[in-house]
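There are 2 protein chains.
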Amino acid sequence: MSAGRPLLRALRGEAVTPTPVWLMRQAGRVLPEYRALKEEHGFLGLARDPELAAEVTLQPIRRFGFDGAILFADILTPLLPLDFGIDFAPGPVVARPVEGEADLERVRIPPAGSLDGVAETLRRVRAGLPEEVTLLGFAGAPLTLARYLLAGSGARDHAGLRRAVYGEPRFLENLLERLADLTIHYLELQIEAGAEAVQLFDTWAGLLPEEEYRRLALPPVRRIFQALEGQVPRIYLVKDGAHLLEAMAESGADALSLDWRVSLSRARRILGRGLVLQGNLDPGCLLGSPEAVRRGVLRVLEENGGAPGHVFNLGHGLLPQTPLENVGVLVEEVRSWRPAAASP
Amino acid sequence: MSAGRPLLRALRGEAVTPTPVWLMRQAGRVLPEYRALKEEHGFLGLARDPELAAEVTLQPIRRFGFDGAILFADILTPLLPLDFGIDFAPGPVVARPVEGEADLERVRIPPAGSLDGVAETLRRVRAGLPEEVTLLGFAGAPLTLARYLLAGSGARDHAGLRRAVYGEPRFLENLLERLADLTIHYLELQIEAGAEAVQLFDTWAGLLPEEEYRRLALPPVRRIFQALEGQVPRIYLVKDGAHLLEAMAESGADALSLDWRVSLSRARRILGRGLVLQGNLDPGCLLGSPEAVRRGVLRVLEENGGAPGHVFNLGHGLLPQTPLENVGVLVEEVRSWRPAAASP
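The listed protein sequences correspond, in order, to chains F and Y.
When the letters of the first sequence are read in order and numbered with my numbering, they come out as residues 1 to 344.
When the letters of the second sequence are read in order and numbered with my numbering, they come out as residues 1 to 344.
Chain F extracted, bound-state conformation (with noise of 0.2 Å):
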């Protein structure tokens, strides 16, 4: 029964051994039975049809047994039935961003039945998943979505974000209460069709100061972990965060997925060992030999000293030219640790 899945244990803060592991960008990039279906479909295609989706999401499963599977989809997916003239060639492109407050009223929540492919996928994955795996949705947080929207032509140096930042903030903060409206909406729709844990990827905060990432990017935020408490786990990711550790603490969520920048210990000392953490390996650790990567996942392990709540995963996204092997060697090496205390 879900209750007693590793993962949402872990995100519930219990000491579960072993930690359980899964990986953001497990799905696609290094999988070759992944690349001969994009090959065949297109990112798109793939994301587009729930069956399709639903098949990439199980592949990294079947190959490596992780403890969760996360929704494939595109982190602007559910800005793709609004009127922005978003394409992926193969990154992002807005053909008609949002410049101004007339422009605001197209940054809304979707027409019925636009996610309902979303929402099938995620029902199809978890009846093809084992029952001990669980059923991550994703959506990504305000800013990090509103960076994309703004960026049009201004896309280099993410100048159209850090010029609402500081030549804008009052319509920046208009933009992104309605991508908090969204995003409810959207995660409310993923944990309907049966998402048991959701995460919220701000990959563009650590861009901001910490005092205007807690004047703009923090309440958002908040407010969405608001609307779904106590609904599943919520998680939060900040890349580039080191700065923000205090205020990411304030989020609302129930566990923090750190870049591999900041150790857990260091991480633990100042926000203590109370809090559920999700990573965090250095994606890049993954390029160097099976040997660095036993090292490597050693050592996170060790950072988290045996607190309990603590899932393993990467510090960011799989690398695309990460050896498939590798991948391999992580899973064991995190099923095969035991903490100290627990030894013989």
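One or more of the hints may lead you astray.
Interface residues of chain Y toward chain F, partial, derived using beta-carbon atoms under 8 Å [said to hold, decoys possible]:
id, residue
1, 159
2, 162
3, 166
4, 261
5, 262
6, 265
7, 282
8, 288
Footprint (simulated), chain Y over chain F, 3 or more residues, beta carbon under 8 Å [what the hints assert, rightly or not]:
id, segment
9, 229-243
10, 253-265
List time: in silico EDC-like cross-link candidates among lysine to aspartate or glutamate, alpha-carbon distance up to 20 Å [claimed, not checked]:
id, chain 1, residue 1, chain 2, residue 2
11, Y, 239, F, 74
12, F, 239, F, 211
13, Y, 239, F, 210
14, F, 239, F, 74
15, Y, 38, Y, 83
16, F, 239, Y, 211
17, Y, 38, Y, 51
18, Y, 239, Y, 210
19, F, 38, F, 87
20, F, 239, F, 132
21, F, 239, F, 210
22, Y, 239, F, 211
23, Y, 38, Y, 87
24, F, 239, Y, 157
25, F, 239, F, 229
26, F, 239, Y, 210
27, Y, 239, Y, 211
28, Y, 239, Y, 157
No lab work stands behind these hints, which were simulated from the structure alone.
The beta-carbon is built from N, C-alpha and C at its ideal position, and this holds for glycine as well.
Position chain Y against the provided structure of chain F, taking the given hints into account.
Only chain Y this time, still in chain F's reference frame:
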């Protein structure tokens, strides 16, 4: 005389009012007089001609009266005379990257005379500079240079560097040793030609967790700073280094240049008031309104808390989208500010 120059005094830890100010990337990018020259000669045409490079270095001093003028050159300039086939398109492209031990012999001190243009540029700049302005030399730190030489086809995600960090650390150490030798030579050439302070840019070191940073990136930096001991003030910049503050402070630099993510108040809380700090306004702030620039400047000055040894700068280079007017506002605001204790 040079000993009295405000920027040099601040780099020696003195309290200087008004706070000395210069900006990374102050030459080029936002200046119309630079764009006109670049249109005519191209980037390499400017960088390779001492008369033009000196002119470009002096342009921002004439327009804004900065306290420091920094050599106009590329971070890869000392590698151009070597057999790597480096070109700019417009970002750097390395036709013959470093892929294994056999390639290391190509990493060496450039042939005599091949960097004379840099020395000539510095002499011309000094001759054209107002007496009170400090002439700054610079170089890329070994790990940051290695990121380009190791890239090859794996430039995406810095995969070449990250693979070496975890897969071939001995090879990488050898490469970094050689790059340190080359950099010492290059900076000594600049000091001999008149550079009165030098800055080492470690743009990519922040990709590494603290352990790898300490093992690989830091030792060659320490060796470079040791070799220059007692010659001129040495400034060290790490981008994205919020997790590396304590380690950076062991580099042997006279001053740390901080990116905009860590506030000066946090840095001084961790590292003490005795440290000389440079920085660290978010370059994104200059995309906002003039009023936002004033507030941003004021905040940085106040976060320094009146500690002596502060050089005002950005947290990273000026963004090309910066309105020229905002640079003037920044300088004006720094110049008009007085620490609270010195108020009448």
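To see whether the hints hold, each was checked on the structure:
Given hint, residue 159/Y at the interface with chain F, holds; its Cβ is 5 Å from that chain's nearest Cβ, closer than 8 Å. A cut of 8 Å between beta carbons decides the hint on residue 162/Y: the least distance to chain F is about 3 Å, and the hint holds. Because the closest C-beta pair between residue 166/Y and chain F is about 3 Å apart, less than 8 Å, the hint holds. Hint status for residue 261/Y: holds, given a least beta-carbon distance of 5 Å to chain F, under 8 Å.
With 8 Å as the threshold, the beta carbon of residue 262/Y comes within range of chain F, its nearest partner Cβ sitting at about 5 Å, so the hint holds. Evaluation of the residue 265/Y hint against chain F yields a violated restraint, the C-beta minimum of about 10 Å exceeding 8 Å. With a cut of 8 Å, the hint placing residue 282/Y at the interface with chain F holds, because the nearest CB-to-CB distance is about 6 Å. Hint status for residue 288/Y relative to chain F: holds, with the closest Cβ pair at about 3 Å, below 8 Å.
Coverage of the segment 229-243 of chain F by chain Y holds in this model, with 3 residues showing a Cβ closer than 8 Å to a Cβ of that chain against a need of three. Check result for the segment 253-265 of chain F against chain Y: holds, 4 residues qualifying (beta carbon to beta carbon below 8 Å, three or more required). With a CA separation close to 29 Å, the supplied pair residue 239/Y and residue 74/F exceeds the 20 Å bound. Note on residue 239/F and residue 211/F: the hinted pairing holds, with a Cα-Cα distance of about 17 Å set against a maximum of 20 Å.
At roughly 16 Å between alpha-carbon atoms, residue 239/Y and residue 210/F fall within 20 Å of each other, so this suggested pair holds. With a CA separation close to 17 Å, the supplied pair residue 239/F and residue 74/F stays within the 20 Å bound. This hinted pair does not check out: residue 38/Y and residue 83/Y have alpha carbons roughly 26 Å apart, beyond 20 Å. Between the alpha carbons of residue 239/F and residue 211/Y the distance comes to roughly 19 Å, so the proposed pair stays at or under 20 Å and holds.
Distance restraint check for residue 38/Y and residue 51/Y: the Cα-Cα separation of roughly 14 Å lies within the 20 Å cut-off, and the hinted pair is therefore satisfied. Between residue 239/Y and residue 210/Y, the direct Cα distance comes to roughly 14 Å. Compliance with the 20 Å bound is thereby established for this hinted pair. With a C-alpha separation of about 16 Å, the suggested pair residue 38/F and residue 87/F falls inside the 20 Å cut-off, and the hint holds. Using a Cα cut-off of 20 Å, the hinted pair residue 239/F and residue 132/F is violated, with the two alpha carbons roughly 29 Å apart.
Straight-line distance between C-alpha atoms of residue 239/F and residue 210/F comes to about 14 Å, which keeps the hinted pair within the 20 Å bound. Of the pairs offered as hints, the one joining residue 239/Y and residue 211/F holds, with about 19 Å between alpha carbons and a cut-off of 20 Å not exceeded. Simply put, residue 38/Y and residue 87/Y have alpha-carbon atoms about 16 Å apart, close enough for the 20 Å limit, and the pair holds. About 14 Å separates the Cα atoms of residue 239/F and residue 157/Y, which keeps this hinted pair within 20 Å; it holds.
Under the criterion of a C-alpha separation no larger than 20 Å, the hint pairing residue 239/F with residue 229/F is inconsistent with the structure, at around 24 Å. Simply put, residue 239/F and residue 210/Y have alpha-carbon atoms about 16 Å apart, close enough for the 20 Å limit, and the pair holds. Between the alpha carbons of residue 239/Y and residue 211/Y the distance comes to roughly 17 Å, so the proposed pair stays at or under 20 Å and holds. Distance hint between residue 239/Y and residue 157/Y is fulfilled; the C-alpha atoms sit about 16 Å from each other, no more than 20 Å.
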